[in-house]
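Number of protein chains: 2
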Amino acid sequence: MCNVALLGFGTVGSSVAKILCERANTHLRLTHVLNRNVERKKVDWLPSGVQWTENIDDVLSSDAHIVVEVMGGLQPAEDWIRRALQSGKSVVTANKQLIARCGPELIALASQRNQQIQFGASVAGGVPVISGLQEGLAGDELFKIRGILNGTCNYILSQIEANGIPFATALREAQKLGFAEADPTEDIDGLDARAKLTILARVGLHCNVAPESVMARSISPIDVVDFAFASQLGCTIRQISWAEFRKDSKTESQEGVLFAAVRPSLVELSSPLARVEGSQNLVVATGTYGGETVFGGHGAGGHPTAVAVVSDILAIARSRQSGPQSATSPAGQPVEITPTVTADFTAKHYLRFLVKDRPGIIASLATILSRCGVNIDSVQQKPGSTKSHLPFLITLEGCKASLVEQALQQINSLDFLVQPCLHMPIL
Amino acid sequence: MCNVALLGFGTVGSSVAKILCERANTHLRLTHVLNRNVERKKVDWLPSGVQWTENIDDVLSSDAHIVVEVMGGLQPAEDWIRRALQSGKSVVTANKQLIARCGPELIALASQRNQQIQFGASVAGGVPVISGLQEGLAGDELFKIRGILNGTCNYILSQIEANGIPFATALREAQKLGFAEADPTEDIDGLDARAKLTILARVGLHCNVAPESVMARSISPIDVVDFAFASQLGCTIRQISWAEFRKDSKTESQEGVLFAAVRPSLVELSSPLARVEGSQNLVVATGTYGGETVFGGHGAGGHPTAVAVVSDILAIARSRQSGPQSATSPAGQPVEITPTVTADFTAKHYLRFLVKDRPGIIASLATILSRCGVNIDSVQQKPGSTKSHLPFLITLEGCKASLVEQALQQINSLDFLVQPCLHMPIL
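Top to bottom, those sequences are chains A and B.
Under my numbering, the letters of the first sequence match residues 1 to 427, in that order.
Under my numbering, the letters of the second sequence match residues 1001 to 1427, in that order.
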């Protein structure tokens, strides 16, 4: 029998409790539920033996074998996880920001104490991508991970595309339906996806990078007109998280380069990434030997996230049966490296302008672009727009993003622009 | 250090050897390569310490910890795997027919000897679906698994669809390109996919079923005209493997019912199953809590299959570090049940006829169908066909497959039929 204590009884926590109670044969027993103001949380469907508490010391001094942290937030979660590991308990957490920031330290601490820390629910909810990369594809040498890791952004972009509504309306509707938070910054600006990408880069590419070192761009400037232009190019727009490790860029002075970014991007309609609808998640892992492998499903929600949590609990329970695992350096695990991180991908580029129309605009733009050494691929205009708010599109031939940024610094000060140019890579 | 012996040095075996040699840090050492006529197999890129042999006793008496069986075929593979387990060695195999037939016995034998047997490569090659169901989704209660499990069939069907060529031509081309065997029966008739479905039902649904109890239908009657009709219905045609466990059908006399079949089926174009191209594989697992989770990638080929084999080797090496695992009943593993197996799904149905045209055909067919209690949904005809070989389509409203089969027994003896009616479910 394996005793489980639950820290947090919100959407995910109560789903975890539900699965543990409804599934027989699991050899797992829920012993504690901790929450602030725990009285208002009490439910009648949990066994009477469960202890409801607000005090972490009740959990730490108990006979719980596994502590499940599903409170979210950096503190007190981090502190309590450390104390749980130090008390000789294993930990399961769904806390992506915490694992993105302190994952390696917490894993090392767990290993010192002959315990485990599992975090399968921290990325892509119910989609078993962490165990898929770590175990299922352990035999491959992965070098690229692309994904749609934030259901909120994907829902909003799908709604703009399907219903032709502006960003602000789509966001409000997502908030009304519970697909977006009251303060949506973490999701919209890519900070949530960036934490998840950091974890995937660590687990799949064995690259230790700080979340802050990965570029994140907001999806808020995306408008209906961008889907019309994208469609003309045979593409749609999605928030794409991309991490690609280039070994060939390894020199004596550095351990290779990780190309990493989270941003709205154009993706070809034929790509599996283009077909992800609503709040679904998808991860495509590419390896030297096995090529592309795809993992997809529900990236959020109480029940799917709880499935990942319970799977992690079961994994720890299994390995408790067969003695402690050494978590830091299991046989065959490649050594982790710390590469340089850059967002300077070479790609085709999408530049969408909104201008007060007048003669000479294309000439001014073309002059600046050519001075920066980038070539125009096409110029497109949407018919029937007003002269005072004219959207038009310039696509660029493949070039480094840094050259485009250079050109945009000059372009964004031109007086005929109604708003700064929207710039996305075409993947 | 963990010593690995390889039985079989064909496409998969040599890919496994390549990955073991190319990847440093793996703590794995290849010690033996066994093959018939081993002299002609010798390569210069393996370390000189590797022992090449034709004699299984060399392997069994050696210090190899893990024996990897990638020879295929039932014998001597089964015999050698048993002897390896009995000699205290763990086993990794890619042999789907063997695992479909004797998986539970071999797992029990391994467990008796405190060893493990892993078979991640037996289904969907490099796609980590076995570990995904067994571990990543262990926290869910799966009840349905659908998949495209045979790359050869999917390649042939994709080619008929894309190029409008007859089945026989598509098969010949697949054989020329190495996507189909000289004797393609196992693939075309669904026996290969059926073995894989049996394994997935065991691992994911905890249903122990014999492969022979699962209905398998050939894709050979599918013709260009069927893709035209399917397209009119907003569908395409794929070989779909389907296993669905109905708990509510559990009675005192039986342990529930497993609906299972492998057959060409119409799938809506919006389904992820419809978008699987070429020799790719895809598995969709559905659970009570997590909803649908998708696993996709390269289902065959030396390198992708070798990735699955090496991942299994690494999993065993990891658990060797932490002591032996009890393989039969790990904590939280639901008890396996033995359900009744049926292919009698309720679905809409596609009946495609090829007839010598004359008045009264629809009337005869409609009479028989109505006597059997099934309702016609639509009748469609392709314009511009010859009267002596006129293809036309009847779709039926949702009904049990057994009622349709009953009607077809009478229909197939009608003298205006040029060939037996082609019958597929519309999923």
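In short, the hints are calculated from the structure, not lab data.
Just so we're clear, the structure is a prediction, and the values are computed from it rather than from any experiment.
Any given hint could turn out to be false.
Stated by the list, open to error - With a Cα cut of at most 30 Å, we get these calculated DSS-like pairs of lysine-lysine: (1) B:Lys1348 to B:Lys1247; (2) A:Lys348 to A:Lys382; (3) B:Lys1356 to B:Lys1382; (4) A:Lys18 to B:Lys1356; (5) B:Lys1348 to A:Lys18; (6) A:Lys42 to A:Lys144; (7) B:Lys1400 to B:Lys1382; (8) A:Lys176 to A:Lys144; (9) B:Lys1144 to B:Lys1176; (10) A:Lys144 to A:Lys400; (11) A:Lys247 to B:Lys1387; (12) B:Lys1348 to A:Lys144.
| query | CA of Lys1400 of chain B to CA of Lys1382 of chain B, is that 30 Å or under? | reply | holds (27 Å)
| Pair hint Lys1144 of chain B and Lys1176 of chain B, alpha-carbon separation not exceeding 30 Å | Violated, at roughly 36 Å.
| Within 30 Å, alpha carbon to alpha carbon, are Lys247 of chain A and Lys1387 of chain B? | violated (64 Å)
| field | Lys1348 of chain B paired with Lys18 of chain A [C-alpha distance capped at 30 Å] | value | violated (36 Å)
| said: With the threshold set at 30 Å, check whether the alpha-carbon distance from Lys1348 of chain B to Lys1247 of chain B stays at or below it. | reply: Satisfied, since the Cα-Cα distance of roughly 23 Å is no more than 30 Å.
| message | Holds or violated: Lys176 of chain A and Lys144 of chain A, Cα atoms, limit 30 Å. | response | violated (36 Å)
| request: Verify the proposed pairing of Lys348 of chain A with Lys382 of chain A, using a straight-line Cα cut of 30 Å. | output: holds (20 Å)
| field | Proposed proximity, Lys144 of chain A with Lys1348 of chain B (alpha carbon, max 30 Å) | value | violated (42 Å)
| Proposed proximity, Lys400 of chain A with Lys144 of chain A (alpha carbon, max 30 Å) | Measuring from Cα to Cα gives roughly 18 Å; hence the hint holds.
| Is the Cα-Cα distance between Lys42 of chain A and Lys144 of chain A 30 Å or less? | Given that 30 Å is the threshold and the Cα spacing comes to 45 Å, the pair is violated.
| request: Assess, step by step, whether the Cα of Lys1356 of chain B is no farther than 30 Å from the Cα of Lys1382 of chain B, and give holds or violated. | output: holds (14 Å)
| If you draw a straight line from the CA of Lys18 of chain A to the CA of Lys1356 of chain B, is it 30 Å or shorter? | violated (61 Å)
Hints 4, 5, 6, 8, 9, 11 and 12, counting from the list given before, are not met by this structure.
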